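Colleague: Throw the hints in and build the complete structure from the sequences for me.
Those sequence lines, one after another, are chains G and H.
In terms of UniProt numbering, the numbers along the first sequence are unbroken and rise by one, the last being 424.
In terms of UniProt numbering, the numbers along the second sequence are unbroken and rise by one, the last being 122.
Careful: at least some of the hints might be erroneous.
Unchecked claim - Under the rule of at most 30 Å between Cα atoms (straight-line distance), these lysine-lysine pairs were calculated in the BS3-like manner:
#1 G:K390 <-> G:K3
#2 H:K13 <-> G:K390
#3 H:K35 <-> G:K59
#4 H:K35 <-> G:K389
#5 H:K119 <-> G:K25
#6 H:K88 <-> G:K59
#7 H:K96 <-> G:K390
#8 G:K31 <-> H:K96
#9 H:K78 <-> H:K25
#10 H:K88 <-> G:K157
#11 G:K274 <-> H:K88
#12 H:K25 <-> G:K157
Stated by the list, open to error - Some chain H residues close to chain G (C-beta under 10 Å, calculated; not the full set):
#13 M83
#14 P94
#15 V97
What the hints assert, rightly or not - Some residues of chain G that are not near chain H, with every Cβ distance over 12 Å (derived):
#16 P39
#17 E66
#18 K95
#19 Q108
#20 R173
#21 D205
#22 W291
#23 V301
#24 L304
#25 D411
#26 S413
Hints are computed from structural coordinates only; laboratory data are not their basis.
The model shown is predicted, which means the values in this text are computed figures rather than measured ones.
For each residue, glycine too, the CB sits at the ideal point set by N, CA and C.
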Amino acid sequence: MKKLAYDLVIIGGGPAGLAAALEAKKNGVQKILICERAPYLGGILNQCIHNGFGLQYFKEELTGPEYASRFIEDVENSDIDVKLETMVMEILEDKKVIAVNRKDGMVQIDTKALILAMGCRERTRGAITIPGSRPSGIMTAGTAQSYVNLEGYIPGKEVVILGSGDIGLIMARRLTLEGVNVKGVIELMPYSTGLIRNKVQCLDDFDIPLLLSHSIIEVHGKERLQGVTIAEVDKNLKPIEGTEHYVSCDTLLLSVGLIPENELSNNLGCEMDKVTRGPVVNEKRITNIPWVFACGNVLHVHDLVDNVTQEAEIAGKAAADFINNKMNKEEKDVIITHDNNIGYIVPQHIDALNNTEQMIKFFLRVKNPDENVRLIVKDNFDKTLLNFKKSIVEPGTMVTFNLPREFVTKDTSSIDITISKEQA
Amino acid sequence: MESKKFICIGCPKGCSLEVQHHEKKIHEISGYNCKIGLKYAETEFTEPKRTITTTVKLKSGLLPFVPVKTRDPVNKEKMFEVMNVIRKLEIESPVKVGDIVVSNIAGTGVDLVCTRNIKRVS
Ligand SMILES: Cc1cc2nc3c(=O)[nH]c(=O)nc-3n(C[C@H](O)[C@H](O)[C@H](O)COP(=O)(O)OP(=O)(O)OC[C@H]3O[C@@H](n4cnc5c(N)ncnc54)[C@H](O)[C@@H]3O)c2cc1C
Ligand code: SF4
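Modeller: And the structure:
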């Protein structure tokens, strides 16, 4: 087996991997390798050809490929090594990465640190169990996105979309512009799970109906999908008898959520968070394995790539500090707790004395939509560290905030975060 | 005085905008959180516009299609007309971000530009 040695190996050449690599380089890491299984860099952004990217990070509105190309060009102009069409198969405990490609065959790469940046994948039909036959014409919205935008295939003539996630909404518009009849978007919950701006510009612009509190209770067709039966659901999300009706269609797109891609992390023994389905990390995005870092959708699913880039820069900088022996030994563990309205928070804990940055960046998701709430951060002495108002919170939009490092003292043992209705 | 409501598509916040108007004349715009929203409400009331993003066939490229966009938003009613022009195009590789594919597409006054770098293969 061919053998290579690097200071830092990054798995995944999407926006997370690219930004992490550039940040590590900026902080003095010499030999960096990005392994990407696709034939090009940029990850999922290559198929997200619509605009809306980069408003936060670049203060201008870019398409997915444009956003990616800025980082790709920077990587190509640096001495960061990239291996394309290279799939990482296994990570070994003694800092070895096993990858495979057509040119080298199996390769063993020795490294000092590793950044996980493998992204996520879509939940499929199996994950949500719709009864009925199994005809062709049923696929995830992201699969349809790659057919249309990368390969130029239109997946059908009459389309129904299940789930109001952003990828589904974006595909409703994309297919309509290509002359496809998009009959409607069916959403189980009483609210759209995608961004409101996407509902407006992708559905309302084209008079595509959004049916909230509805689900598909049967699919019809043997060889090819012929139609679906939809029904309204009650508060417990159970179909209401008598509300069923049939909609003919030859294609059903599923936009029912994303799951971090964590086979490698699991096999390596990373401690995982049951809610995010990604590794548990501290504020430097270090996993429970001190030389392994994680960022981007492999850590938790982000809806905005700008947040992915920011998080990747934290991981890239931290990996550089680790490699250059600039990181203090872990001396302290501050646990982050939260109330019931919050689905999850990343990072899950902070190593308070193990730091250089002024700000600790938090990402969280709420469980239910709400208006006029307060986000309050307290420490174990019940001292309020942060208290700010949010006019709207919804599960589809990640909430981010910064906690000044100095607020975490040597006596802090836990930090509690709550989101609750503002007292009148 | 009448009023018309819009949701801003300028950024993920999705502010609720309201235009107070008398027939075609705008009196007041409220609900925006930034300049983008103010501008959006104004054009959305007078002449709604959208950016079109799609793909164009590519000859001898590393990939068979290149993603493109209208450099600026075009009139909403013109969207399908613009798409009909784009669908018939085929361009030569290599292409770079910002390369003009068609200028003044379908008489909109707006250029169609590439959004990805794609190399040529033999
Ligand atoms: C279908 C889809 C559509 C989306 N649309 C939008 C959108 O419109 N706007 C938005 O802001 N966000 C969108 N997102 C979220 C988007 O994923 C993030 O914005 C961002 O692209 C995530 O970056 P990443 O680098 O973490 O992951 P990715 O972009 O997914 O990159 C991960 C990379 O890792 C590679 N990889 C995985 N496993 C291995 C392995 N074992 N060996 C080698 N390489 C590997 C993959 O090939 C991929 O290139 C979408 C996500 C999906 C799945
Ligand atoms: S008004 Fe400004 S802040 Fe509000 S949605 Fe529009 S662009 Fe965003």
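Colleague: If a hint holds in the structure, say so; if it doesn't, say that too.
Modeller: So, going through the hints one by one against the coordinates:
1. G:K390 <-> G:K3: violated (52 Å)
2. H:K13 <-> G:K390: This hinted pair holds, its Cα atoms lying about 11 Å apart.
3. H:K35 <-> G:K59: Roughly 13 Å separates the two Cα atoms, so the pair holds.
4. H:K35 <-> G:K389: holds (22 Å)
5. H:K119 <-> G:K25: It holds: about 26 Å lies between the C-alpha atoms, which stays within 30 Å.
6. H:K88 <-> G:K59: violated (34 Å)
7. H:K96 <-> G:K390: violated (41 Å)
8. G:K31 <-> H:K96: Cα-Cα ~29 Å, so holds.
9. H:K78 <-> H:K25: Holds. H:K78 to H:K25 sits at ~24 Å (cutoff 30 Å).
10. H:K88 <-> G:K157: Roughly 19 Å between the alpha carbons, so the hint for H:K88 and G:K157 holds.
11. G:K274 <-> H:K88: It is violated: about 49 Å lies between the C-alpha atoms, which goes past 30 Å.
12. H:K25 <-> G:K157: violated (42 Å)
13. M83: holds (5 Å)
14. P94: violated (13 Å)
15. V97: holds (5 Å)
16. P39: violated (8 Å)
17. E66: violated (5 Å)
18. K95: Holds: least Cβ distance 34 Å, greater than 12 Å.
19. Q108: holds (30 Å)
20. R173: violated (9 Å)
21. D205: Given a closest Cβ separation of 7 Å, the condition is violated.
22. W291: holds (34 Å)
23. V301: At roughly 15 Å from the nearest Cβ of chain H, G:V301 sits farther out than 12 Å, so the non-interface label holds.
24. L304: violated (7 Å)
25. D411: With a cut-off of 12 Å, G:D411 remains clear of chain H, as the shortest Cβ separation is near 38 Å.
26. S413: G:S413 is indeed farther than 12 Å from all Cβ atoms of chain H, at 35 Å.
Hint violations for this structure: numbers 1, 6, 7, 11, 12, 14, 16, 17, 20, 21, 24, all remaining hints satisfied.
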